[in-house]
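2 protein chains.
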Amino acid sequence: MEELSKNKIKYIKSLSQKKYRKVEKHYVAEGAKIIEDLIQADHKIGVIYATPEAYHKLISASQNKNITLIETSQKSIDKASHLTTPSNAIALMPISSKKFHVDILRDKFTIALDNIQDPGNLGTIIRIADWFGIDNIICSKDTVDVFNNKVIQSTMGAIARVEVYYEDLHKVIEEAKHDHIDVFGTFLNGKNIYTIDLPKQGIIVMGNEGKGISESIENLITEKITIPSFRQEKCSESLNVAMATSIICSEFKRR
Amino acid sequence: MEELSKNKIKYIKSLSQKKYRKVEKHYVAEGAKIIEDLIQADHKIGVIYATPEAYHKLISASQNKNITLIETSQKSIDKASHLTTPSNAIALMPISSKKFHVDILRDKFTIALDNIQDPGNLGTIIRIADWFGIDNIICSKDTVDVFNNKVIQSTMGAIARVEVYYEDLHKVIEEAKHDHIDVFGTFLNGKNIYTIDLPKQGIIVMGNEGKGISESIENLITEKITIPSFRQEKCSESLNVAMATSIICSEFKRR
Numbered sequence: 001m002e003e004l005s006k007n008k009i010k011y012i013k014s015l016s017q018k019k020y021r022k023v024e025k026h027y028v029a030e031g032a033k034i035i036e037d038l039i040q041a042d043h044k045i046g047v048i049y050a051t052p053e054a055y056h057k058l059i060s061a062s063q064n065k066n067i068t069l070i071e072t073s074q075k076s077i078d079k080a081s082h083l084t085t086p087s088n089a090i091a092l093m094p095i096s097s098k099k100f101h102v103d104i105l106r107d108k109f110t111i112a113l114d115n116i117q118d119p120g121n122l123g124t125i126i127r128i129a130d131w132f133g134i135d136n137i138i139c140s141k142d143t144v145d146v147f148n149n150k151v152i153q154s155t156m157g158a159i160a161r162v163e164v165y166y167e168d169l170h171k172v173i174e175e176a177k178h179d180h181i182d183v184f185g186t187f188l189n190g191k192n193i194y195t196i197d198l199p200k201q202g203i204i205v206m207g208n209e210g211k212g213i214s215e216s217i218e219n220l221i222t223e224k225i226t227i228p229s230f231r232q233e234k235c236s237e238s239l240n241v242a243m244a245t246s247i248i249c250s251e252f253k254r255r
Numbered sequence: 001m002e003e004l005s006k007n008k009i010k011y012i013k014s015l016s017q018k019k020y021r022k023v024e025k026h027y028v029a030e031g032a033k034i035i036e037d038l039i040q041a042d043h044k045i046g047v048i049y050a051t052p053e054a055y056h057k058l059i060s061a062s063q064n065k066n067i068t069l070i071e072t073s074q075k076s077i078d079k080a081s082h083l084t085t086p087s088n089a090i091a092l093m094p095i096s097s098k099k100f101h102v103d104i105l106r107d108k109f110t111i112a113l114d115n116i117q118d119p120g121n122l123g124t125i126i127r128i129a130d131w132f133g134i135d136n137i138i139c140s141k142d143t144v145d146v147f148n149n150k151v152i153q154s155t156m157g158a159i160a161r162v163e164v165y166y167e168d169l170h171k172v173i174e175e176a177k178h179d180h181i182d183v184f185g186t187f188l189n190g191k192n193i194y195t196i197d198l199p200k201q202g203i204i205v206m207g208n209e210g211k212g213i214s215e216s217i218e219n220l221i222t223e224k225i226t227i228p229s230f231r232q233e234k235c236s237e238s239l240n241v242a243m244a245t246s247i248i249c250s251e252f253k254r255r
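Listed in order, the protein sequences are those of chains A and G. The first sequence begins at 1 in my numbering and counts up one residue at a time. The second sequence begins at 1 in my numbering and counts up one residue at a time.
A portion of the hints provided could be inaccurate.
Covered by chain G, per the in silico footprint, the following chain A stretches (three or more residues, Cβ under 8 Å) [unchecked claim]: (1) 68 to 80; (2) 117 to 131; (3) 223 to 231.
The hints are simulated quantities; they were obtained by calculation from the structure and are not laboratory data. We put the CB at the ideal spot given by N, CA and C, even for glycine.
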């Protein structure tokens, strides 16, 4: 068993900040469960530091996978962890430099996020995408960072199976439209999602928690949709973005 | 303008604890928006303490409604508030003593919650119920208290329109079955929710975040349902309970 050095702990801790993740091109995933999912989905993994208990859980999963698995003490993990309740394992994950190409939008549904700010919402939306077999999420550059530890942990491992890109949303949507891919967005005055015809491919844009879809993106939407409320009287202003995403994905995928 | 006395502040603060809510039969709702929703839905309201700004928002809504609206300082509100970011208004709300009767289950859908523990999940489920026009939620007695300030605030006013009961879930479901009302529950081995026939009335049981529906309630379920995953490979263990509730309510209500 190896204790983590002060410098190593400092390095791991530094990755809780976006600016250091950007420089080091690594992020941190914590907990044997999420790390196992990342291994199974063939993600590149730098090093895993694990308590004896987690080490034994991860040893068989990481065999023949070119992964460095190091047994360390809970005390070392406690010092390096980004979480208020420290986990049992810490993986240093290279940030993928996978480039977006419009081809990935063809013959499938893709979620686009326009300035989502809450880490919990982004994490939940990644879980929904995973459940409904949506492979890619395109985030506007001002959307919260997916490598934020709150996002990673709230995906419960779904991050291993869903690719998240940060792109100029404008440009992506314009390229998609050029390729005759429909672009859907939710608006209060949109068409009833339960009764409109839905295609087999398209981009589903979800907007910011408070402000919705930005005006410049709204202008690019080809089909405005709405989830109708079943209450006659005045109702909550809107469903939150994660609930709306789950209902919309359910409708698009069930047909 | 009237400053809140020390005793008044102490009393309001005490209502953040369930044991005092039980004795005093009052709970606290905060923020002009939620309070306005409660007024509009004709909830009984004891007293509202509001900052000058909130006072002016609430004055017309509360006219002819037998509501005591008192203007106070932000400083007083800050001292009495249950929130980390204090609101602009505090309402003392009598806890309704509405008794459950099996009649409320007829000809409509009702959500039953079996030991939901997270205040945010309960709040979100109340918003979903509101959106889909579901009037009543029956909670098992071990479900988190709806009058918890985290629940009240996360309902965003939906609490004004959805009635929440705490009952012996066993007894309620047995009475419902006696009245030929179907009882649905989500299980991994349930029938595909997208393809089964759904009636126009019924109880939808949602289970605890970690453990799902308890065994004793499972035995009373008349129809086991499931939300199928659209991913072929291994997937996240499950959708969280709030996402699952939104998808199920969407399916039940759209037909």
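Hints and how they fare:
no., hint, in the structure
1, 68 to 80, "violated (count 0)"
2, 117 to 131, "holds (count 5)"
3, 223 to 231, "holds (count 4)"
In terms of the numbered hints stated before, the structure departs from hint 1 and from no other.
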